[in-house]
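Asker: The opening position of the sequence shown corresponds to residue 227 in my numbering, with each subsequent residue numbered one higher.
Calculated from the structure, these hints are not laboratory results.
Just so you know, even glycine gets a beta-carbon here, dropped at the ideal spot from N, CA and C.
Heads up, a few of these hints could be off.
Said to hold, decoys possible - Restraint-style ranges between C-beta atoms, simulated for each label pair: (1) Arg363 to Trp247: 34 to 42 Å; (2) Pro410 to Ser302: 34 to 42 Å; (3) Gly248 to Gly334: 25 to 33 Å; (4) Asn257 to Leu234: 36 to 44 Å; (5) Trp278 to Arg335: 39 to 47 Å; (6) Ala413 to Leu234: 23 to 31 Å; (7) Trp278 to Leu234: 16 to 24 Å; (8) Pro410 to Leu280: 20 to 28 Å; (9) Trp297 to Ala258: 20 to 28 Å; (10) Gly334 to Ala266: 37 to 45 Å; (11) Trp297 to Gly259: 18 to 26 Å; (12) Leu234 to Ala406: 31 to 39 Å.
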Amino acid sequence: MDLVLPLLLIVLSAGLLRYSWGLPQRSGPLNAGAWLIGAAALFVLTRRDGAWGLSVGLSAALVATVILLGWAAIRSPGRRAQERGPERATERATRVRGNFTPEPTALGRRSAWFLLSVPGAAGAALLWAVAGQGLARAGGWHSADSGALPFLLMPTVWGLLAGGMLMASGLRGGLFWLIAASIPAAAILMLTI
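Start from the sequences, fold in the hints, and give me the full structure.
Answerer: Below, the structure is given as structure tokens:
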């Protein structure tokens, strides 16, 4: 029974985040509250059961998120269907014959987002992983523990950073997230070298 309440709070956290992200306007307080509920539940699980509790909590969060996003994907119409609206038979015939101008794909914007959120965020996460390892070594951690820390930090920071960047209002907001995350990691790394 001690495990059930934190797991329910984690599922609630995922549900609140999905609800908040589906609103017409982003709600900062609702997002923060949902993240806080999830983090507190993970803290309780980790404090009580160690790494096993953390892994069970993260697994519950992952399953809840996959279910919620899958449900949202099934229910939402495609982007082109929303943009085009109902199509008359003559328009469809013209399009099928090939006498149409292709819609702009915003390839430059999409490529920039990809570069920021995948290799850019991975680079910042790697910076945090190496900085964390340096801090652990400076703090007197055993070499096995400090060597394993980057393998935990990099995917965690990468996921959090990419998620934060993708919630930003535009490319500038995503770039701000990337720079704001990289500067402290670089400073820590410089101090621990």
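Asker: Compare the structure with each hint and give your call.
Answerer: Here is how each hint holds up against the structure:
| no. | hint | result |
| --- | --- | --- |
| 1 | Arg363 to Trp247: 34 to 42 Å | holds, 39 Å |
| 2 | Pro410 to Ser302: 34 to 42 Å | holds, 37 Å |
| 3 | Gly248 to Gly334: 25 to 33 Å | holds, 28 Å |
| 4 | Asn257 to Leu234: 36 to 44 Å | violated, 20 Å |
| 5 | Trp278 to Arg335: 39 to 47 Å | holds, 43 Å |
| 6 | Ala413 to Leu234: 23 to 31 Å | violated, 39 Å |
| 7 | Trp278 to Leu234: 16 to 24 Å | holds, 18 Å |
| 8 | Pro410 to Leu280: 20 to 28 Å | holds, 24 Å |
| 9 | Trp297 to Ala258: 20 to 28 Å | holds, 24 Å |
| 10 | Gly334 to Ala266: 37 to 45 Å | holds, 41 Å |
| 11 | Trp297 to Gly259: 18 to 26 Å | holds, 22 Å |
| 12 | Leu234 to Ala406: 31 to 39 Å | holds, 33 Å |
Hints 4 and 6, counting from the list given before, are not met by this structure.
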